[in-house]
Every structure is written in C-alpha cells, then in structure tokens.
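Student: Here is how the chains run, residue by residue.
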Amino acid sequence: MNVQAWIARHAQTFVGSLGRVVQHPVAALMTMAVIAVALALPLLLNVLLQNSRAATADWNQAFDISVYLDKKPGGARAQALAKQLRSRPDVAAVRVITADEALAQFRSTSGFGTALDALRDNPLPDTVVVTPTLPASNPRGTQILKNAIVAMPDVQTAQIDSQWVERLTAILAILRRVIWLTAALLGAGVVLVVGNTIRLDILNRRAEIEVMKLVGATDGFARRPFLYSGVWYGLGGGILAVLLVAAAVASLAKPVEQLAGLYGSPLRLSGLGLRWDVAVMGVSIGLGWLGSWLAATRHIRAIVPR
Amino acid sequence: MIRFDQVHKRYANGREALAGVSFAIEDGEMAFLTGHSGAGKSSILKLIALIERPTRGQVFVGNQNTAGIKPRGIPQFRRQIGVVFQDHKLLFDRPIADNVALPLIIAGTPKREIDKRVRAALDQVGLLGKEMSRPLELSAGEQQRVGIARAIVGKPRLLIADEPTGNLDPELALETMRLFKRFNEVGVTVVIATHDVHLIDQFGARRIVLGDGRVAAPSAAA
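Chains as they are written, first to last, in the numbering used here: chain A, 2 to 307; chain B, 7 to 228.
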C-alpha cells in the first residue's frame, strides 16, 4: 500500500466517522456532555485553587516578626528598640504596639470586654512588629533577624508570624492532590463512558463488521472508524468542558470581585487560559481514543463471521 | 487448487456435517457441489474460506495447507478468494460502488485504481450506471450480481459461491451461471454449491455430489 493512498484512506475514514457520529446527534451529544461534565468538575476546582493561590501569593512574603518585650513599666523602651531595629539593613518597617493599645484592640475584637475589666493590671506586654525587607523575607533571612532580635536587651521573646501561611500552603497542597485524584477517577470514567458508547456502536454494526472480515479486513481495519469516533467524542467533550468552565467562571466573576472588594483586594477571577484549553482538549481526545481502543479491540476481535 | 483430505467437520451442537470428505479441484477448473440441503455443501465452502476449521483431516487451498494459517493470516488469505454469499451480505447503508470497492479499500488499493476496477466489475455483471444506488433499491437478482461484482473486483484466482441462484427465477439463474462460466473461461477456478440439478445439467462442468457428509459420486464432466 503506498503512503498517499494510506493517508487518503485515513482522512476519508476520519471524516466518515464524523458522519457516523452526527448520524445520531442526540446520543452523540449525550456522550460528549457526560465527558464534558466529568472534565469540567476537576477543572473548575483547579481554577478555584489557582485563583486562591494567586490571591495568597503576596501573603507568602508576610514574614513579620512579633517581638514581645519584658513585662516592665516604661513605654520608652519599645520606642528605643524600634529605633535600633529601623537602622538594620534587613528591616523594612517597624511598628510599635504599646500594651495599652494591644489591650484596647483585644477588648474590642475578642468579646471578653467585661472579663478584662476584672483585671487590675494589663497582662499584655509592649510589642514591636518587625517587617523584614523583601530580600530578607525568607525562612533563613527571618531566622537570622529573629536570632539578632532575641539577643537584644528587654526582649522577652520573638515569634515569626509565617506559621499560618505555611498551614495555608499545606492545605492548598492537599486540595491540589484531591483535585488530581478526582481528575484521575473522572478521567477513568470518561474512558468507560466512551468505551460503552463504542461498544453499543459496534453491536449495531455487527453485520457490517462481519462482512468486512469475510472479504479480508483485519481487526485493525474494522477498528479504525471506531477509534476516530472516539476521537470525535473526545474532541466534542473537550470543547464542551472548556465552554462549561468558561461559563462557570463568568458566573462566579461578579461575586468574587465583590468579595475581593470587601477585603480591599484587586483580585479578579481568571479562567483557564488558552494553554489549559488546548491541554484539556488534548487530554479529552486522548481519553476518547483510549476508551474506544479498549472497547473496539475487545469487541471486534469477538466478532467471528459464521 | 483445492484438495480435501479425509475432512471431518463436527459442529459445536454435535451435528456432523462432513464425515471423511476427499476430493481435489484443479487449477482453472469449474466444479459444482451438489446434494440435498444439509449434505455439507456450505460446510465445504466455509472450510475453503477459513470461516470454519476442520475437526479432522486437511484442507489445501492454492497448494497451502490451511491448518498452517494462523488467525492473524486469515484476512490476507481471504483477499485471494472471491466469495459469493447466498444472502449477498451487502452493506445496506452504502451505495453499490462502495460495496463493490470494499475488498480493494481493505487491500489499500489507490483510489483511482479502485474507481476503474469497480466500474469494470459492475460492467461485467451488467450493473454499470447503478453505482450510486443503494442495495435495497435493487431487485434480488441485481443484489446477487453486486455480490458477484464484489467477489471478482479483486481479480481472485479462486471464486466460490454458495447457492448463488437460490432466490432467482430460472432465466436469471441461467444468466448468473453463464456469468460464472465466463469467469472460468478466463482462467478463474470456480466452485459453486447448488441444489439446482436441472440448471447445472446445461453446463458441462464437473459435479461433486454430497450425501450424508460424504462424497457420493465424484463424477468427471459429462
């Protein structure tokens, strides 16, 4: 068989299989819709995850150090310490919170107002919040700064406030893993759905496959149009999935913007982006092909003309 | 071309279709397989086309022992044989031209060559001009001739036919047999299973008469 004839034959089968798919438009759309829903769910979760990572990206620089002073009277010591710290090259900003200010803030936010009234003395220390410069905003830089601060006089203890950022990062990592697992399971579902559609298609064309085999068709030849059908189902499902995600993002954009506005954040919900769109269709086509390959290989081999 | 050597065929349901059949058909010969229905005519054709395998004995086709052909080799083997089926086995959702072209498409023949040979095959069976018709738009006789065109389009050296005149009126049946005779005259080995003894009386070809799964009267041409 020459190459030109081979290519022409494949192209013809490829287009011909599209004709077969659209012959039963409702059934084909149903299959594509199932694929689309299965793909859209993990994709949408992924969009939310990516956006929340984007939203918290600048928080990763939040390596503030809270410095608690000895519980001794005299607010001037805090100011002196602040002045000393400001002169350091790895310090960007220093803010002093006196014990009185801290108590007032605690009273207004904690709901323990009356209980606090019972206290004779303010139990809170003076606090200095130190923000490192950007180059020093990493675990090692802040650790060096923290060690230097602890060695200073009047300092009771110093605490790096990055713990909750680390926790958030860990939670997002788990979410990411969950999304991948979901995607893998639903991907397997797509393979099964396409496989089942192709299986029914093969049963409907049993007589035709028998005739082909009788006049010398290999299993591969009989299988080819079904593989292309699987590719079409995958492509259709992939396009629908991308549209579904785009629609969901569009409908979420407004409320997310409002929420972000309440936090004074300029955050806007961003969709998948072109590279993801292309990747989704590629994966969808791959899953469609795999599903049809598994079903067609098995069921066409089982058809033996009598 | 074909040699059966003590061939037995017992089906899964226990029916013994062939009980030690031996005969040989020479290259370029035309032979009729006759006998009442159930005598084993179809079984012999199925064994030749590797649709069935013998339970015992050996079947040679084109000097090749078919026992040595593995399932993978069956498609290639079948492409060398033209088969005409009793029930035509056409694809009803495809036009006549596509039906006839099927063996060539499967074999990977270039498109221009296919068009040429399909027209030639349809011309030989008298169906030129019906390329775009669908099988169901044709009469039973015409459908049978589409099946014959498909069997010969690949220019096989062996043509086998199972009751090709079964559903045809006597005149059409005679016409169809003459068609097979013409293929035989250009060198194709032709084996036809038929119970229509009156019809084949008009042809001076060899008969292999089957009865109860055995060759009853292997007679030479009259």
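These are calculated hints, taken from the structure and not from any lab test. Heads up, the beta-carbon is just placed ideally off N, CA and C, and yes, glycines get one too. Hints should not be assumed to be uniformly reliable.
[What the hints assert, rightly or not] Per the computed footprint, the stretches of chain A lying under chain B, defined by three or more beta-carbons under 8 angstroms from a beta-carbon of chain B, are:
(1) 7-18
(2) 212-224
[As the list claims (entries may be wrong)] Far from chain B, some chain A residues (derived; all Cβ distances over 10 angstroms):
(3) Ile161
(4) Ala208
(5) Pro306
(6) Arg307
[What the hints assert, rightly or not] Taking CB as the label site, the calculated pair distances span:
(7) B:Gly132 / A:Gly20: 53 to 61 angstroms
(8) B:Gln208 / A:Gly221: 42 to 50 angstroms
(9) B:Arg125 / A:Arg207: 28 to 36 angstroms
(10) A:Thr14 / B:Gly172: 31 to 39 angstroms
(11) B:Ala25 / A:Pro26: 50 to 58 angstroms
(12) A:Arg207 / B:Gly68: 52 to 60 angstroms
(13) A:Ala251 / B:Met138: 42 to 50 angstroms
(14) B:Gly172 / A:Pro26: 33 to 41 angstroms
(15) A:Gly20 / B:Asp121: 40 to 48 angstroms
(16) B:Arg184 / A:Arg302: 16 to 24 angstroms
(17) B:Gln208 / A:Thr298: 17 to 25 angstroms
Student: How does the Cβ-Cβ distance of A:Arg207 and B:Gly68 compare with 52 to 60 angstroms: does it lie in that range?
Tutor: Cβ of A:Arg207 to Cβ of B:Gly68: about 30 angstroms, so the range 52 to 60 angstroms is violated.
Student: Should the label of A:Ala208 as a non-interface residue stand, given a Cβ cut-off of 10 angstroms to chain B?
Tutor: Per Cβ check, A:Ala208 is inside 10 angstroms of chain B; nearest 8 angstroms; violated.
Student: Could you see if the CB distance from B:Gly172 to A:Pro26 stays within 33 to 41 angstroms?
Tutor: holds, 40 angstroms
Student: Quick check on a hinted range of 42 to 50 angstroms for A:Ala251 and B:Met138, using CB atoms only.
Tutor: Roughly 49 angstroms apart at Cβ, these two residues keep to the hinted range, so it holds.
Student: The stretch 212-224 of chain A covered by chain B? Criterion: 3 or more residues, Cβ-Cβ distance below 8 angstroms.
Tutor: holds (count 9)
Student: Could you let me know if the closest chain B CB is still more than 10 angstroms away from the CB of A:Ile161?
Tutor: Correct as stated: the minimum Cβ-Cβ distance to chain B is 69 angstroms, above 10 angstroms.
Student: B:Gly132 and A:Gly20, beta-carbon distance inside 53 to 61 angstroms?
Tutor: violated, 31 angstroms
Student: Verify the CB-CB distance for B:Ala25 and A:Pro26 against the hinted window 50 to 58 angstroms.
Tutor: holds, 55 angstroms
Student: Does the stretch 7-18 of chain A contain three or more residues whose Cβ lies closer than 8 angstroms to a Cβ of chain B?
Tutor: Holds, because 3 residues of the stretch 7-18 of chain A bring their Cβ atoms closer than 8 angstroms to Cβ atoms of chain B.
Student: Could you check the hint for me, namely that B:Gln208 and A:Thr298 are 17 to 25 angstroms apart, CB to CB?
Tutor: violated, 50 angstroms
Student: Since A:Arg307 was said not to touch the interface, does its Cβ keep a gap of more than 10 angstroms from each Cβ of chain B?
Tutor: The claim is violated: A:Arg307 sits with its nearest Cβ about 7 angstroms from chain B, within 10 angstroms.
Student: Return holds or violated for the Cβ distance of B:Arg184 and A:Arg302 against the range 16 to 24 angstroms.
Tutor: violated, 41 angstroms
Hint compliance for this structure: hints 4, 5, 6, 7, 12, 15, 16, 17 are broken, all remaining hints hold.
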